[in-house]
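Participant: Chains as they are written, first to last, in my numbering: chain D, 12 to 94; chain E, 2 to 179; chain U, 10 to 227.
A hint or two may mislead.
Restraint-style ranges between C-beta atoms, simulated for each label pair [what the hints assert, rightly or not]:
| hint | chain 1 | residue 1 | chain 2 | residue 2 | range |
| --- | --- | --- | --- | --- | --- |
| 1 | E | Asp-11 | D | Lys-92 | 50 to 60 Å |
| 2 | E | Val-69 | D | Lys-92 | 55 to 65 Å |
| 3 | U | Asp-123 | E | Ile-3 | 19 to 29 Å |
| 4 | U | Asn-100 | D | Glu-74 | 44 to 54 Å |
| 5 | D | Glu-70 | E | Phe-16 | 44 to 54 Å |
| 6 | E | Glu-102 | D | Pro-38 | 32 to 42 Å |
| 7 | U | Gln-28 | D | Lys-62 | 45 to 55 Å |
| 8 | D | Lys-92 | U | Asp-155 | 20 to 30 Å |
| 9 | D | Lys-62 | E | Asp-11 | 10 to 20 Å |
| 10 | D | Lys-62 | U | Ala-135 | 29 to 39 Å |
| 11 | U | Lys-79 | E | Pro-22 | 53 to 63 Å |
| 12 | U | Ala-119 | D | Lys-62 | 25 to 35 Å |
Just so you know, these hints were derived from the structure itself, not from any lab. Quantities reported herein were computed from a predicted structural model and do not represent experimental measurements. Virtual Cβ for every residue (Gly too), placed ideally from N, Cα, C.
One-letter residues, chain by chain:
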Amino acid sequence: MADSAEHISCQEVVELVSDYLERSLPPDETTLFEQHLNFCDGCDWYVEQLKRTVETVGEIREEHVPAEAKERLVRAFRDWKRS
Amino acid sequence: MIAYKFLRDDTTSVFTGFAWPLPGDGPGSWVEAPVEQCRSGIHACRAADLPLWAGRRLYEIELSGEIVEQQTKVVASRGRLLRRLEAWDALRDEYTRMCAERSHELALGASPPLTEWDAAVEPSVREGPALLGFVAARIAEEISGVDAYHAERARQADWLAERLDLRQNRPPGQGAPA
Amino acid sequence: MTRAQAHPRASSTASDEAQLVARLRAGDEQAFEALVEEYYATMLSVARGYVRSRALAEEVVQDAWLGVLKGIDRFEGRSSLKTWIMRILVNIAMTRGVREARSQPFSSFAVDDDEPAVDADRFRDAGDGFPGHWRAYPRDWSTLPDGALLGRETLGVVMQAIEQLPDAQRVVITMRDVAGCQADEVCEALDVSEGNQRVLLHRARSRVRAALERHFDG
């Protein structure tokens, strides 16, 4: 295989998506990645799926602190304040 | 420098979704974006790169400022769209068909014939010029190696340059297509 | 896109933080409560990467907050408040995890085996022509009904998928994508290399995507 690949496959793309979204792919790989996305609807949709997955994960609202745990912490805070 | 740029049907950039100012009576307004490896900058292609980035709408773009030529694209800090190359709209299907025929020719002409590869050609046609360009070049590579991939891409670029009336930066001639 | 970009609450400026620390030191109970509300669930999730039961994890989180209070007067702001809190938590969780002698070995953040993002059999092989390309395309989720991805049912699928992740992956995706910590904050808090953090995040996201895909494809 040549020093730099001319193209990457879908199987390679799915391993690179997370890094691509983080913008931590090296420049050559980014170009190959985008070239591939330009012709491959399947990978385009896969990248979109990954993006939407991350968005949905981000929608998880932090569960409220259980009341009892919160009380303990507030008491601890007041103790600390006094000391 | 004069170069080319494909945009989506809604005239936004393919990868960033940026809405480009369009040419009207004159060129579209200048867009500035400092060049930063893969993060920022105006991306465009030369005539030889057109098959790699084939998309929906084709424009001629003027680049200035800092210009970095890379292997398969050009990145610049300033750009403005000069004119839409409407000929591409009519040419898209014909180009796709040309690549499909080349794919069949290459795959079935190999010994032994690449029947599995050939079977994938027609179902791919609806996905358009970018995919079929890849398919043809990839088949060429499978038969005769990486140089054949590049040769096939060069054929595709020549085919387009001849029909698109590109003002500048035509790919270096490769001789008449077989 | 990380949660930190989508949700301003998850990120804070240096001056916001300085104000918050000042309020804590001054004994502002509301400031403390707000801080607890913001980080509790993330801390619980991280703690559960180290100790076996939820009850134990809750103990760990309580201890961590005590550690925060004890140390707040000495906090110098060299790292972000969030990172500093997470470090305290991780130290306590690790110590506790070792002491409780989990039946499973402590999940390290080492990444030495292979885990493909998508099953290899979904791609063509050499005999099919175009090896490495999709046999059948994944679905276009933009065709899903509006709000399908943000509905309660979908969130449930995602939460369950995260629950079922291997510990190290769950800790990283919780800190990055749920809590909105930056990559370097996570590396610092967990003492994980940048490379490993990226691989763990990639694997976690891939598994959650697969869970969503199974959910939508029925």
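Participant: Checking against the hints above, which ones are violated?
Facilitator: 3, 4, 5, 7, 8
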